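Enquirer: With chain A's structure known, arrange chain B on it following the hints.
Chains as they are written, first to last, in my numbering: chain A, -2 to 359; chain B, -2 to 359.
Since the hints were derived computationally from the structure, they do not count as laboratory data.
All values reported here derive from a predicted model rather than from experimental measurement.
There are no misleading hints in this set.
Because identical chains cannot be distinguished in the list, a pair is counted as satisfied if it fits within a single copy or across any two copies.
Keeping only pairs whose Cα atoms sit at most 25 Å apart, straight-line, the calculated BS3-like set for lysine-lysine is:
1) Lys174 with Lys140
2) Lys298 with Lys245
3) Lys352 with Lys221
4) Lys298 with Lys340
Read off the chains here:
2 protein chains.
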Amino acid sequence: MHMFSRRNIAIHPGVHRSAQFLLLIILLILAGACAPTTPAPAPAPETYPDADPLPSWNDGAAKEAILKFVKETTDESGPNFVPPDDRIAVFDQDGTLWVEHPLYTQGVFALDRIRALAPSHPEWSQTEPFKSVIANDTQAISKFTETDWEAIIATTHAGMTTEQFTETVQHWLATAKHPRYNRPYTDLVYLPMLEVIAWLRENGFRTFMVTGGGQFFVRVYARKVYGFSPAEIVGSSLVLSYQYDGGKPVLMREPKLFFMDDGPGKAVGIELFIGQRPFAAFGNSNGDREMLEWTGAGYGKRIMMLVLHDDPEREYAYGPAEGLPNSGVGTFPQSLADEANAKGWFIISMKNDWKRIFLFEE
Amino acid sequence: MHMFSRRNIAIHPGVHRSAQFLLLIILLILAGACAPTTPAPAPAPETYPDADPLPSWNDGAAKEAILKFVKETTDESGPNFVPPDDRIAVFDQDGTLWVEHPLYTQGVFALDRIRALAPSHPEWSQTEPFKSVIANDTQAISKFTETDWEAIIATTHAGMTTEQFTETVQHWLATAKHPRYNRPYTDLVYLPMLEVIAWLRENGFRTFMVTGGGQFFVRVYARKVYGFSPAEIVGSSLVLSYQYDGGKPVLMREPKLFFMDDGPGKAVGIELFIGQRPFAAFGNSNGDREMLEWTGAGYGKRIMMLVLHDDPEREYAYGPAEGLPNSGVGTFPQSLADEANAKGWFIISMKNDWKRIFLFEE
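For reference, chain A alone in the conformation it holds in the complex (with noise of 0.2 Å):
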């Protein structure tokens, strides 16, 4: 997997610990760096006791408040101890955990699926939505509705079983690329969350992903991407049928809602799913707002943060909280930024907080 394993490296026994240690960090970077897709798990905190668990973070009251939290929540002697049983986490995935413009990872999937699908289908050239799909005309897919975006889907996510949906979605990840970077969409991963990720589970926290998106499209690349299992998404999904294909038992995605993980039903979805109130939440947009409230209304310490994208450098600027030109993608309206500041919800502003954004940058 790492161009670096152990395996490769002698370290000879004459060499100092903290030679030794700083070496195997120097290679733990390297490592990480030629394997985007995997990112290298931190280090443990019990070996480690020095080194800074969120390096891809600048100094500032977001990092700050992430190392107090946990600090706080683990300290046994502490008024804030969280007993590990009860350390939930809860992470937003588009805008939160990787790149969600200029559209939707799931939903670029869904246009693709139906240029893909369109020879099979020669009636699409005459029919909407399909017809400005397969003319690639961008304009008029901003202007989709909602019955436009249910047509796609229902085309593209039913009518298939689970198992090859999967097979579809990574064949789908394994060629697909952002327009804009030219790399896989699994590479577009916050090198930043990452690590509040991974400090968290060394802190004993499990962590869930509850995300708007379709529960088993997440859950085709969590696992190797974030280290989620399946088990560990909390999603949107389709009604699922219990059918049989030459007397094998499948299950058939059905062309029909089954649960909608977003706004209020992210809160529902944490209580269905997870059935535990979470002690920290990640968003980044209005769709987090809810989740943010339920894990906030709980006693004790809580960490509830939001990403603001400001930084159409690295990656993107989006609000239009704060000025920020409004997309009508992970939109992060004034008042979200208002009840967050009201309610000591935290704004992680993407520009100054994070030192590095992706796992490929130099």
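Expert: Below, chain B without anything else, positioned relative to chain A:
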């Protein structure tokens, strides 16, 4: 928690190591016997290589199959090795992990709640199904239709927040007793199955309960009784809605079914909540058929087992498989027994395979 905690035991440093072991084992057994609702964790395999992990099982095909399954799926050099990430085991609850006769525990809870709420509902004395419940007319209750039970569930399980429901269940469990055993319902778990769960966990399996019962009902005691976290309970559930009570967000339980985790729904529930096909599945009735079928349809070595209640002396006897009485609760039809025999699913005979059923037995 335990009467004999390590703190109270001074083991002299001069005592021989194996004598310390023996003493510790005796103390663990005593501690287990004195703490009926908190099963003592089985010893870790690397510490006690020669200990029997399933001491409450008689020697026989079922016990042998479980031990062989665990051995082969964890043997890296063998053909049936299962990587740790894929090790999933699922367990039905009613009749598989605890007593379900004469009525499902959650059914008893619902009837008790009707009686507790009756004083504030004088109209119930004239309205079915409430009238029969209040009069404790067991013959009428045994003939309740699905619509009757829906009315009872809507009244006793909905119209309250998830927190209020949890508290209600907690209070009920603290006082309710099983009519035959005169013990709390949470004492009526099957020790042999606790041993299987512990043995699978110690061998890297993630264990989940997949129950037709209410997800939020079972979660109240599942951690204490079985060691399942709330996220490890897949069950039936009602629609939840996000509301505010005095400015504070609450999740209201609506009188509308969200998900029925029974029959084919168990395979759907596994896919939705766990997202990986199990390698081991344990059930006891017709409602577990598809769960076992779905488990068995995967590649490689899998184990599927059904508990047959054929022990009227120590527990209950019902089928109607194998000529046992047909009770209507936890039905195990002959067709399921025939299918099990044809497909190599194991049937566990409570009478012959289980040396000891309950922790409270002498």
